[in-house]
Structures are given as structure tokens and as C-alpha cells.
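Engineer: Sequence:
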Amino acid sequence: KLHNIIIYKFDDEKLIVSNLKQDKIFNKMLWSEKKTKFFYETQNKVSSSFFKPNKKILSDFLNYSAHNIINKKEYEVNKIDSIEELKSIDFLKADIEGSELEILKGAENKLNNLLGLELEQQFINRYENSPNYLEISSYLINKNFELYFINTESWLKSNNDTNVESNYKAVWGDFIYFLTYDKVKEKIIKSENSENIIFKYISLLL
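Just so you know, we're using the numbering used here here: the sequence shown kicks off at 17 and counts up by one.
There may be inaccurate statements among the hints.
In silico DSSO-like cross-links for lysine-lysine, where the CA-CA straight-line distance does not exceed 30 Å [unchecked claim]:
| no. | residue 1 | residue 2 |
| --- | --- | --- |
| 1 | Lys206 | Lys185 |
| 2 | Lys103 | Lys50 |
| 3 | Lys201 | Lys121 |
| 4 | Lys126 | Lys50 |
| 5 | Lys40 | Lys159 |
| 6 | Lys37 | Lys25 |
Computed spacing ranges between beta-carbons, pair by pair [said to hold, decoys possible]:
| no. | residue 1 | residue 2 | range |
| --- | --- | --- | --- |
| 7 | Tyr197 | Lys103 | 33 to 39 Å |
| 8 | Asn129 | Lys61 | 27 to 33 Å |
| 9 | Tyr91 | Tyr155 | 22 to 28 Å |
| 10 | Lys199 | Glu134 | 37 to 43 Å |
| 11 | Ile218 | Tyr184 | 32 to 38 Å |
| 12 | Asn79 | Asn129 | 36 to 42 Å |
| 13 | Glu101 | Thr52 | 18 to 24 Å |
| 14 | Ser207 | Tyr155 | 21 to 27 Å |
| 15 | Ile85 | Lys51 | 37 to 43 Å |
| 16 | Asn43 | Asp97 | 15 to 21 Å |
To be clear, the hints were calculated from the coordinates, so they are not data collected in a lab.
Note that CB positions come from ideal geometry on N, CA and C, so glycine has one too.
Work out the full structure, taking the sequences as your base and the hints as a guide.
Structural biologist: This is the structure we're talking about:
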């Protein structure tokens, strides 16, 4: 049984309903700095983003209409590093439709404590001017993280001239990274509570 686990969640729309004691929900939107930004709500709400859907690219796919903008709303956004209650984060999970790199840039200080991350990343330009997986992976490699796993999703194109098998296109994936072994070892050596780091690292890997 694991003790003293706190799960921080961010939900400015107050859509998350949780009875879990370890959940701490912040009514905030995150970015790389404090400012106001427009949020584009799409027909399929899980595709909503701070970036505009890229109609030129998305029109090639059967689920194109799911990305139609139905509402535009302005939010105040803030960075993780400015939230004082978040003293330390062991694992960060972000599925925020193109804004993942901006969240990371707003968590520069907290990244120093991270052991691992799970991020959604795009193989195509689903959103205008949003970074792709190469940019995000390069950023994380420079922060001493290495890729462990990718779970990809492919979409069917609207052009059915070719057979089904050849007409699917990899669009996005969930990428899991962990701190490199050398960096974890360095943390363990420097820490006064090395057993705790080892326990958390192995638990996350499992």
C-alpha cells in the first residue's frame, strides 16, 4: 500500500469530479507564463486547445468535423512554477492538445525534481503553430530524460482511393519518458533520503 500520494489536477472549467482523498484540484489553466489567452472549444471537446485547429491538415481526415470551433473563450493562464503549493512533483502527465511544451517551459524549476513524464505529442500539425514531437523530445532529451514507450493513434484519411491498411496515418501518441539512469543515480547519491527516491522511481517504472 502506497502512502502520502497527492495527485494534482488542473481544471478551470470545474469538470473534474473526484472523491479521492489524494486529489488536489486547481481551478487554473496552465502555460509558460502568466497572461491571458484564447481557448478554442471544438465540436469534439477533447480536441479543444489554446491553438487553432489546422483546417488545411485536418481536412484530409474523416473526423475533420470534430475539430470545428464552436466557442472561443479568453482565460488567464499561469505557469506551474508560480504555484507555491506544488513543492515537488515526481511524475507529470499532460494531454493538452498541443500545449505540452508550453507547460514544460512554465515548469523549469519543477522539472529538476521529476522522475518521469507522460505527454501527448503530435506527428502532424493538428494545430496551427503548435510544436510537434521532435521539438518536445529534443527539449526533454536536453533535460536528461529518455523515451521509454509510445502508444500511437492513427486516423483514416478521407481519400479512399487506396486500401484501408495503407490509408491510415499516425497522428498522435502518448510518450512516456523517464530520467536517465545516470541522473537518477546522481539524485540518489546526493539525497539524504535515497531509499525514498529508489522506491518512487521503481514504483513509477512498474
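Engineer: Please check whether Lys199 and Glu134 have a Cβ separation lying inside 37 to 43 Å.
Structural biologist: 18 Å, violated
Engineer: Tell me if the beta carbons of Asn129 and Lys61 are separated by a distance inside 27 to 33 Å.
Structural biologist: At roughly 32 Å between Cβ atoms, Lys61 and Asn129 fall inside 27 to 33 Å, so the hint holds.
Engineer: Within 36 to 42 Å or not, the Cβ separation of Asn79 and Asn129?
Structural biologist: 38 Å Cβ-Cβ, so the 36 to 42 Å window holds.
Engineer: Within 30 Å, alpha carbon to alpha carbon, are Lys37 and Lys25?
Structural biologist: 13 Å, holds
Engineer: Mind checking the hinted window 22 to 28 Å against the Cβ distance between Tyr91 and Tyr155?
Structural biologist: Roughly 24 Å apart at Cβ, these two residues keep to the hinted range, so it holds.
Engineer: Go ahead and decide if the range 18 to 24 Å is satisfied by the Cβ distance of Glu101 to Thr52.
Structural biologist: 22 Å, holds
Engineer: CB of Asn43 to CB of Asp97, is that within 15 to 21 Å?
Structural biologist: Hint holds: Cβ distance 18 Å, inside 15 to 21 Å.
Engineer: For the pair supplied as a hint, Lys40 and Lys159, is the alpha-carbon distance within the 30 Å limit?
Structural biologist: Holds, at about 27 Å.
Engineer: Per the hint of 21 to 27 Å, is the separation of the Cβ atoms of Ser207 and Tyr155 within bounds?
Structural biologist: Once the Cβ atoms are compared, 25 Å apart, the range 21 to 27 Å for Tyr155 and Ser207 holds.
Engineer: Checking one constraint from the list: CA of Lys201 to CA of Lys121, max 30 Å. Satisfied?
Structural biologist: OK: Lys201 and Lys121 at ~25 Å, within 30 Å.
Engineer: Could you see if the CB distance from Ile218 to Tyr184 stays within 32 to 38 Å?
Structural biologist: 36 Å, holds
Engineer: Holds or violated: are the alpha carbons of Lys206 and Lys185 at most 30 Å from each other?
Structural biologist: 46 Å, violated
Hint violations for this structure: numbers 1, 7, 10, 15, all remaining hints satisfied.
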